[in-house]
Amino acid sequence: MGQIGRLEIELFLIGGSAGSLKVLLDMLPAVRPDLTFPVVLILHRKAGPESMLDILLANHSNMGVIEVEDKTTLQPGTVYLAPADYHLLFEHKSLLSLDCSEKLNYSRPSIDVSFQSAADIFRGNVGAMLLSGANADGAEGLAYIKKSGGLTVAQDPSTAEVAYMPARAIERGAADHILPPGQMASFINNLSVSTN
Amino acid sequence: MLEPTIIKDDELEVLLADISVLYGYDFTQYSKASLKRRVNRICLLDKFASFAELRYRLTHYPEYLQRFIEEITVNVTEMFRDPTFYKALREKVFPQLGTYPFIRIWLAGCSTGEEAYSIAILLKEANLYHKSLIYATDLNPGVLETAQKGIYAINQMRQYSENYILSGGREDFSSYYRANYEMVKFNADLREKMIFSTHNLVSDSSFNAFQLVVCRNVLIYFEKELQNKVLRLFDDSLDPLGFLALGAKETLRFSNLEKQYKQLDSEKIWRKLH
Ligand SMILES: C[S@@+](CC[C@H](N)C(=O)[O-])C[C@H]1O[C@@H](n2cnc3c(N)ncnc32)[C@H](O)[C@@H]1O
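Chain order of the listed sequences is A and B.
Under UniProt numbering, the first residue of the first sequence is numbered 1, with each subsequent residue one higher.
Under UniProt numbering, the first residue of the second sequence is numbered 1, with each subsequent residue one higher.
It is worth saying that the hints were derived from the structure and are not from the lab.
Careful, some of the hints might be misleading.
Said to hold, decoys possible - Stretches of chain B that chain A covers, calculated by requiring three or more beta carbons in the stretch to come under 8 Å of a beta carbon on chain A:
no., segment
1, 1-10
2, 21-34
3, 212-222
4, 241-251
Said to hold, decoys possible - Residues from chain B that face chain A, not an exhaustive set, calculated with beta carbons under 10 Å:
no., residue
5, Arg-37
6, Asn-75
7, Thr-77
8, Arg-81
9, Gln-227
Stated by the list, open to error - What follows is a list of derived Cβ distance ranges for each label pair:
no., chain 1, residue 1, chain 2, residue 2, range
10, B, Leu-45, A, Glu-8, 35 to 41 Å
11, B, Thr-99, A, Gln-75, 43 to 49 Å
12, B, Pro-4, A, Ser-186, 32 to 38 Å
13, B, Leu-45, A, Arg-123, 25 to 31 Å
14, B, Pro-62, A, Arg-123, 36 to 42 Å
15, A, Gly-149, B, Asp-189, 57 to 63 Å
16, A, Glu-8, B, Ser-50, 31 to 37 Å
Built from N, CA and C at the ideal position, the CB exists for glycine as well.
The shape of chain A in the complex, shown without the other chains (with noise of 0.2 Å):
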C-alpha cells in the first residue's frame, strides 16, 4: 500500500556514514525482498580491495545485493552499493553510470552527488533516507530531493551513534520523516507497490 496522494516510488536511496553500518544491519533483513523498485546505497568507506562490505550486507538482506560496476543496470528488489573511491550516477532510470571526479565533502562516493543525480532523472518518483554520520555529506542532497518533489527521511538523530548528519538534514528542513531504525524496515516496505 502506497501513500495517498504521493507519486510512485521507483527508486529508494540510502546515505550512511560512521555508525550507518549497523542501523542497515538491524534494518535490512525486516526489507522485503519483493519491493517494486531498486535500494540504492550510498555509503562513506575506506578504499581499498579487502572490503567486503557487498558481503557482509549480502547476509543480512533477503535481496541480491551486487556492488556496482560501470553501466550496472537497475533492477527492482535488489540493492546497489556505491563502491569506494568512485561517485555513483544515473544515466536514466534503469542505468548507473561511476565517475572518479574530485571528492566533495572529503567523500567519494558523496551522497550529496548521487542524490542529486537521482532527482535530476527520477524527479519526484524517489525516497531518499539519511543515517547516522560525522559528515556535512547528504544534508544537500537530501533537500534537493525534496525539492525536487521526492519523499525523506532522515534517521532521529537522537537515536543516531553520531547524530551530525541527520541533524543537519532536519535542521535544514530537508527531512519528510524523522524515524528511529525499528521503523525504517516497514517504511521502506509501505512503499512498495504490492498487490496485497
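Guided by the hints, dock chain B with the ligand onto chain A, whose structure is given.
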C-alpha cells in the same frame, strides 16, 4: 556545495553538436550524467549565467576550447592507484613481457602522468625498463605538459608511498624523486623511455602494436557503443598474447571482445588469446 543546474539536457546536446561541427571533438557518446555535472561546474567556475553565454564563448572564441575540454573531462588520478592492480602487473604480467626483446606499452588516457611514472618504477624494479617504451597519450595537451615535467605536490607522497608498498615495492619510494619546498620532481631516468602525445580515443586510429595496453578510468566516461569502438581500437593495437588492463570497475564482459580474451584471475587484466 552541489552545482546548480544551469545547462539543461537538450542544451547540452546542442553544445556537443556545436563542438563536434566546429572543432571536430565528438563528446556525443560520453556518459551524460558526468558530462552534465562537468558542464554545470564550468559554468560556475567561469561565471556563465546561462547556456547562451557559454555557447557564445565556445563558438566565438576558439582559444577557449582547450580549457573547456580540460574542465569537462575528469583528470583525477594518483600514483599506484589500486595497489593490487600494480601488484598483479609485477607478478603476473611482467614475467611474460620479460620474454620479449622489446616491450611497447600504451597508456591511453594517462592524464597528468602519475600512472606512467608508477609503471616506469615497476619496470625499473623488474629490470625491464631499458628495453621498454611507454607511449602515454591523452586527449588534453595540458595534462600531458604536466606529465612531461613529472612535478607533483609533496603532500601526496605519503599516500603514494603507502600505495607503492602495497603494490609490492621494496625500495625507498622517496629515492625516485627530489623534493623542493611543496613540490617533488621525479627522476629524469624514469622519463627516458616515455613518449607523450595527444591522441583522441574517439577519433584517432591505432598507431603501433603493443604488448600491453593500459586504459583505466576512461571508459567509465563513455557510453556502451563508444566503449565497444574503443575496445576494438585496443584490440587492433595489441599483439597476439598481449595484455589489456582496465580500471577497477571496468570490464570486457558484455563487450564484443570478451570471447577473444582471457581474464587473469580476478584482476582487471585480460590476455589476448591469439
Ligand atoms: C580519470 S582520468 C584517468 C587517469 C588514469 N588513467 C587513472 O586511472 O588514474 C581520465 C583521462 O581520460 C582522458 N580522456 C577523456 N576522453 C578521452 C579521449 N577521447 N581520448 C583520450 N583520452 C581521453 C581525460 O583527459 C583524462 O585525463
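Each hint tested on the structure:
1. For the segment 1-10 of chain B, the assignment as covered by chain A holds, since 3 residues bring a beta-carbon within under 8 Å of that chain's beta-carbons and 3 suffice.
2. With 4 residues having a beta carbon nearer than 8 Å to a beta carbon of chain A, the segment 21-34 of chain B meets the requirement of three or more and the stated coverage holds.
3. Residue count for the segment 212-222 of chain B with a Cβ under 8 Å from a Cβ of chain A: 4. That meets the three needed, and the coverage hint holds.
4. Here the segment 241-251 of chain B counts 5 residues with a CB under 8 Å from a CB of chain A, which clears the bar of 3, and the coverage holds.
5. Hint on Arg-37/B holds. Least Cβ distance to chain A is approximately 7 Å, under the 10 Å limit.
6. Using the Cβ-Cβ criterion of 10 Å, the hint placing Asn-75/B at the interface with chain A is satisfied: the shortest such distance is roughly 9 Å.
7. Annotation: interface hint on Thr-77/B holds; nearest CB of chain A at approximately 8 Å, less than 10 Å.
8. Annotation: Arg-81/B was flagged as interfacial toward chain A, and the flag holds, the nearest CB pair being 8 Å apart, inside 10 Å.
9. Restraint check, Gln-227/B versus chain A: the minimum CB separation of about 8 Å is within 10 Å; hint holds.
10. The given range of 35 to 41 Å is respected by Leu-45/B and Glu-8/A, whose C-beta atoms sit roughly 38 Å from each other.
11. The beta-carbon spacing between Thr-99/B and Gln-75/A, approximately 45 Å, falls within the hinted interval of 43 to 49 Å.
12. Separation of Pro-4/B from Ser-186/A is about 36 Å and conforms to the stated range, judged on CB atoms against 32 to 38 Å.
13. For the hinted restraint 25 to 31 Å between Leu-45/B and Arg-123/A, the CB-CB distance of approximately 27 Å keeps it satisfied.
14. For the pair Pro-62/B and Arg-123/A, the supplied restraint of 36 to 42 Å holds, since their beta-carbon distance comes to about 38 Å.
15. The beta-carbon spacing between Gly-149/A and Asp-189/B, approximately 60 Å, falls within the hinted interval of 57 to 63 Å.
16. One distance hint, 31 to 37 Å for the beta-carbon pair Glu-8/A and Ser-50/B, holds here, with the actual separation near 34 Å.
The structure shown violates none of the earlier numbered hints.
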